[in-house]
Amino acid sequence: MAAKKQNFETSMARLEEIVRKMEQGDTPLADSVALFEEGAKLAASLHKLLDEAEQKVSVLRADAAQPPLPPSPGDGETPPF
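Reminder that position 41 of the sequence shown reads as 41 in this note's numbering, one-by-one numbering, no gaps.
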């Protein structure tokens with residue numbers, strides 16, 4: 001079975017946990033390297049999720065800023081002429 005994809009909040013919480021463990025300074029070197037590797041992957045994943053969210057927001061803002069199109073003649077409206 002495929003691993004469940006973590007959401008932003010879960011990934012961010014795990015990254016914060018990794019940082020706390022590494023900041024304590026009592027983690028063996030091999031474990032620290034493994035934690036660093038996991039943290040780097042999480043950071044890249046989070047960055048990608050943030051970029052995707054930013055792109056969606058930009059599209060939504062651009063769509064909201066455009067005036068609505070007038071109805072086309074095939075929409076049941078009679079043309080103004």
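Incorrect hints may appear among the rest.
Unchecked claim - SDA-like mimics (lysine to any residue), calculated; alpha carbons at most 20 Å apart, straight line:
1) Lys41 <-> Leu29
2) Lys48 <-> Glu37
3) Lys56 <-> Gln66
4) Lys41 <-> Val59
5) Lys56 <-> Arg20
6) Lys21 <-> Lys56
7) Lys21 <-> Glu37
8) Lys21 <-> Gly39
9) Lys41 <-> Gln66
10) Lys48 <-> Ala13
11) Lys41 <-> Asn7
12) Lys56 <-> Glu37
13) Lys41 <-> Glu52
14) Lys21 <-> Leu42
15) Lys56 <-> Glu16
16) Lys48 <-> Met22
17) Lys41 <-> Asp51
18) Lys48 <-> Lys21
19) Lys48 <-> Val59
Please keep in mind that the hints were generated in silico from the structure rather than gathered at the bench. Please read all numbers here as calculations on a predicted model, not as lab measurements.
So, going through the hints one by one against the coordinates:
1. Of the supplied pair hints, the one linking Lys41 and Leu29 holds, its CA atoms being roughly 18 Å apart against a limit of 20 Å.
2. The suggested pairing of Lys48 with Glu37 holds, with an alpha-carbon distance near 17 Å, which does not exceed 20 Å.
3. For the proposed pair Lys56 and Gln66, the alpha carbon gap of about 16 Å is at most 20 Å, so the pair holds.
4. For the given pair, Lys41 sits about 27 Å from Val59 by alpha-carbon distance, which is inconsistent with the 20 Å threshold.
5. About 32 Å separates the Cα atoms of Lys56 and Arg20, which puts this hinted pair outside 20 Å; it is violated.
6. Restraint check for Lys21 and Lys56: not satisfied, since their Cα atoms lie roughly 34 Å apart, outside the 20 Å limit.
7. At most 20 Å may separate the alpha-carbon atoms for a hinted pair to count; Lys21 and Glu37 meet this at roughly 13 Å.
8. The hinted pair formed by Lys21 and Gly39 meets the criterion: a straight-line CA distance of about 11 Å does not exceed 20 Å.
9. For a cut-off of 20 Å, the pair hint linking Lys41 to Gln66 is broken: about 38 Å separates their Cα positions.
10. For the hint pairing Lys48 with Ala13, the CA-to-CA distance comes to about 16 Å; that is within 20 Å, so the pair holds.
11. With a CA separation close to 14 Å, the supplied pair Lys41 and Asn7 stays within the 20 Å bound.
12. With a C-alpha separation of about 29 Å, the suggested pair Lys56 and Glu37 falls outside the 20 Å cut-off, and the hint is violated.
13. Distance restraint check for Lys41 and Glu52: the Cα-Cα separation of roughly 17 Å lies within the 20 Å cut-off, and the hinted pair is therefore satisfied.
14. Proximity of Lys21 to Leu42 is assessed by CA-CA distance (about 15 Å); at most 20 Å being required, the pair is judged to hold.
15. Of the pairs offered as hints, the one joining Lys56 and Glu16 is violated, with about 26 Å between alpha carbons and a cut-off of 20 Å exceeded.
16. Simply put, Lys48 and Met22 have alpha-carbon atoms about 24 Å apart, too far for the 20 Å limit, and the pair is violated.
17. Of the pairs offered as hints, the one joining Lys41 and Asp51 holds, with about 15 Å between alpha carbons and a cut-off of 20 Å not exceeded.
18. Restraint check for Lys48 and Lys21: the C-alpha separation of about 24 Å exceeds 20 Å, so the hint is violated.
19. For the proposed pair Lys48 and Val59, the alpha carbon gap of about 17 Å is at most 20 Å, so the pair holds.
Of the numbered hints listed earlier, those contradicted by the structure are 4, 5, 6, 9, 12, 15, 16, 18.
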